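**Student:** Below are the chains, spelled out letter by letter.
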Amino acid sequence: MSVLAMSDHTEVTPHSFGLAVRQTVAMAKRSTLEIFRQPALVAPSMIFPIFFAALGASSFGKTTDLPGFPKVDSFLQFSIAATVVQGVLFGSVTGAAALATDIQNGFFDRLLLSPTTRTGILIGRLAGSAIFGALQAAFFIAVLWPFGGTIESGFIGIAIMVVSGGIVALAIGALMSSVAIRTGSAEAVQGAFPLLFVLLFFSSAFFPRETMTGAYRKIADFNPISHLVEGMRELVLSGYTTSALMKAILIPTAVCIASILFAQTELRRRLAAK
Amino acid sequence: MTSASSAPFSGAPIVAENLVRHFGDVKAVNGINLTVNAGEIFGFLGPNGAGKSTVVRMLTTLLRPTSGKAMVAGFDVAKNPDDVRRRIGVALQDAAIDPLMTGTELLRLQAVLYGIPANKMKARANDLLERVGLTAAADRRVGTYSGGMRRRLDLALALIHQPTVLFLDEPTTGLDPMSRISLWEEVRRLNKEGTTVMLTTQYLEEADQLADRIAIIDQGNIVREGKPQDLKASVGFPTLLVTVPNDQLDRAKAVLAAFGDMRPTAEGTLGVGLRGGAEAVTDVVRKMDEASLRVQHLELNEPSLDDVFADATGHRLEGAKA
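The listed protein sequences correspond, in order, to chains Y and U. Numbering-wise (the working numbering), the first sequence opens with residue 1 and increments by one. Numbering-wise (the working numbering), the second sequence opens with residue 275 and increments by one.
Calculated directly from the structure, the hints in this document are not laboratory data. These numbers were taken from a predicted model, which means no experiment stands behind them. It is possible that part of the hints are untrue.
To be verified - The calculated lysine to any residue pairs, modelled on SDA-like cross-linking and capped at a C-alpha distance of 25 Å, are:
#1 396(U) / 17(Y)
#2 527(U) / 543(U)
#3 396(U) / 370(U)
#4 62(Y) / 214(Y)
#5 301(U) / 270(Y)
#6 527(U) / 551(U)
#7 353(U) / 19(Y)
#8 29(Y) / 409(U)
#9 353(U) / 15(Y)
#10 29(Y) / 374(U)
#11 62(Y) / 200(Y)
#12 396(U) / 25(Y)
#13 394(U) / 33(Y)
#14 506(U) / 517(U)
#15 561(U) / 525(U)
#16 396(U) / 28(Y)
#17 29(Y) / 109(Y)
#18 29(Y) / 401(U)
#19 62(Y) / 145(Y)
#20 343(U) / 112(Y)
#21 29(Y) / 400(U)
To be verified - Derived DEER-like restraints, expressed as beta-carbon distance ranges:
#22 414(U) / 187(Y): 28 to 36 Å
#23 421(U) / 61(Y): 53 to 61 Å
#24 415(U) / 190(Y): 19 to 27 Å
Said to hold, decoys possible - From the structure, some residues in chain U lie toward chain Y, with a derived Cβ separation under 8 Å:
#25 336
#26 386
#27 388
Note that the Cβ used here is the ideal one computed from N, Cα and C, for glycine as well.
Start from the sequences and build out the full structure, keeping to the hints where you can.
**Tutor:** Below, the structure is given as structure tokens:
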């Protein structure tokens, strides 16, 4: 057996920005690997949005003739954006639940015991969700394409939707991570998930705002998911526009920055309480 | 690359002064003082809930002390936690290891977290895997490991950056006897190579076998501290344990009290610190016979750390009562 000599003093590597990046990338690699090593956890967020899209296309096909509905080839084409956002919302909870599991089983303490930046721990954990969100967006577009889900903006639009999927996953992942950090409970994260569903249904994800009335319409007007979905939908139905780009990228980016700052605050609070 | 501050530290690697930790109204640690010298294996012995893990969590920067001061590897745990973290290795109580990753992947992740250069990482990971006997299982997911294998991997992870001080929080809890002995051997070997080890345990034998010095903690206070042999010698006489029928306990106690101080024991058994040692056993048996007491079991034990614990706290370590 070879013996690794334990030196009389520890090898201490000084802090640097480069090391912080290496550490964050290593933790991101771990969180990505974990997602793909749990197919049973990942499959529902890939299958159910496709199922809902198929169900919507067969049930609500005639609604495209309603006043206020945009000009579309089919209800399926109309619902591509909603399918992407819905799937990404589903999937983004996985990363936050994994963070809560890390806290529950003590792996989070192992990370805290290392000379790693606390932001790096958070970002590294969420990076897997972001990569998964981008892949989900690409998957939904690829699956719906042959059934009439054409994207009028072509490759640029697809690329924007994929990037947007990643940012949405990061934003929602950070938000749900705040729950994970505050409670340290994977069950609490899963329990908070229906709130995302409510947010999705009170948006223009499944029907245009022009077809809504009353309080429902007002909530949808203020709901950032409405604007995000409409940005993606514009890319699908009308081609590339600056306004579509802004809505698909800037809205989730703004939410992302706010939710990461919130998650960092929660992390600082948790560590200060220790 | 190593920093200038990586020069060997020459003082005591662990010093705690009046360290206190409260959780709301619960006083988990009540102002403990301790010094662990370089090259020592220091055992922290106490029952569940005594405050052992709380002390370790404060010394390893996971918990902030409510008050008091602690220096580890020459750095204040509250003021310079990052400097402390870079010099200590920690294996916590539950061997928190991601079950979805392989042993090799976890070691490499740990190496990056501690800034081990990429060109040294593979060799370091392989050496540690070999050292803890996990080379064959290195590419298997940790979820398939046994409890003993997880503990050994946990130890390897704690050693990736060649720490000056190693904290082991109940490292053998839940392990089978063979795994326990194997881990003890590894701890001894590490210590011989110059690593200072602080070990918490609730197992008397573990503390006795491994530790150069021991602190006994109960209800957040250190109640005894010293070398195991000195602590045991301080108890004095061996303990004579006598079991009689329950209805004869009071009369038996009266007889035994004449031979020394009564000691805490398990329920249904009487214990006395036997003045005169083994030679006095015959006299005890004669007196018991004269008193028409029916002795069911009789056993003479040399002083143990459990006797030290009982002497200091009035109760036994493993659930016995005074």
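**Student:** Could you grab the alpha-carbon distance between residue 353(U) and residue 15(Y) and see if it respects the 25 Å cut-off?
**Tutor:** Status holds; Cα separation ~17 Å.
**Student:** Does residue 396(U) pair with residue 370(U) here, judged by a C-alpha cut-off of 25 Å?
**Tutor:** Measuring from Cα to Cα gives roughly 22 Å; hence the hint holds.
**Student:** Hey, does the residue 336(U) contact hint survive, CB to chain Y under 8 Å?
**Tutor:** For residue 336(U), the interface hint holds, since the closest Cβ of chain Y sits about 6 Å away, which is under 8 Å.
**Student:** Take a quick look at whether residue 394(U) and residue 33(Y) sit within 25 Å of each other, Cα to Cα.
**Tutor:** Roughly 23 Å separates the two Cα atoms, so the pair holds.
**Student:** Is the hinted pair residue 29(Y) and residue 109(Y) satisfied, with a Cα-Cα distance of at most 25 Å?
**Tutor:** 19 Å, holds
**Student:** Given the range 19 to 27 Å, decide if the beta-carbon distance of residue 415(U) to residue 190(Y) lies inside it.
**Tutor:** Hint holds: Cβ distance 24 Å, inside 19 to 27 Å.
**Student:** Quick one, are residue 301(U) and residue 270(Y) close enough, alpha carbons at most 25 Å?
**Tutor:** Answer holds: residue 301(U) to residue 270(Y) is near 20 Å, not above 25 Å.
**Student:** Is the straight-line distance between the alpha-carbon of residue 527(U) and that of residue 543(U) 25 Å or less?
**Tutor:** Holds. Residue 527(U) to residue 543(U) sits at ~10 Å (cutoff 25 Å).
**Student:** When you check the alpha-carbon spacing of residue 343(U) and residue 112(Y), does it fall within 25 Å?
**Tutor:** 20 Å, holds
**Student:** Within 25 Å, alpha carbon to alpha carbon, are residue 527(U) and residue 551(U)?
**Tutor:** 18 Å, holds
**Student:** Hey, residue 62(Y) versus residue 214(Y), does the alpha-carbon distance stay inside 25 Å?
**Tutor:** 23 Å, holds
**Student:** Are the Cα atoms of residue 62(Y) and residue 200(Y) separated by 25 Å or less?
**Tutor:** OK: residue 62(Y) and residue 200(Y) at ~22 Å, within 25 Å.
The structure shown violates none of the earlier numbered hints.
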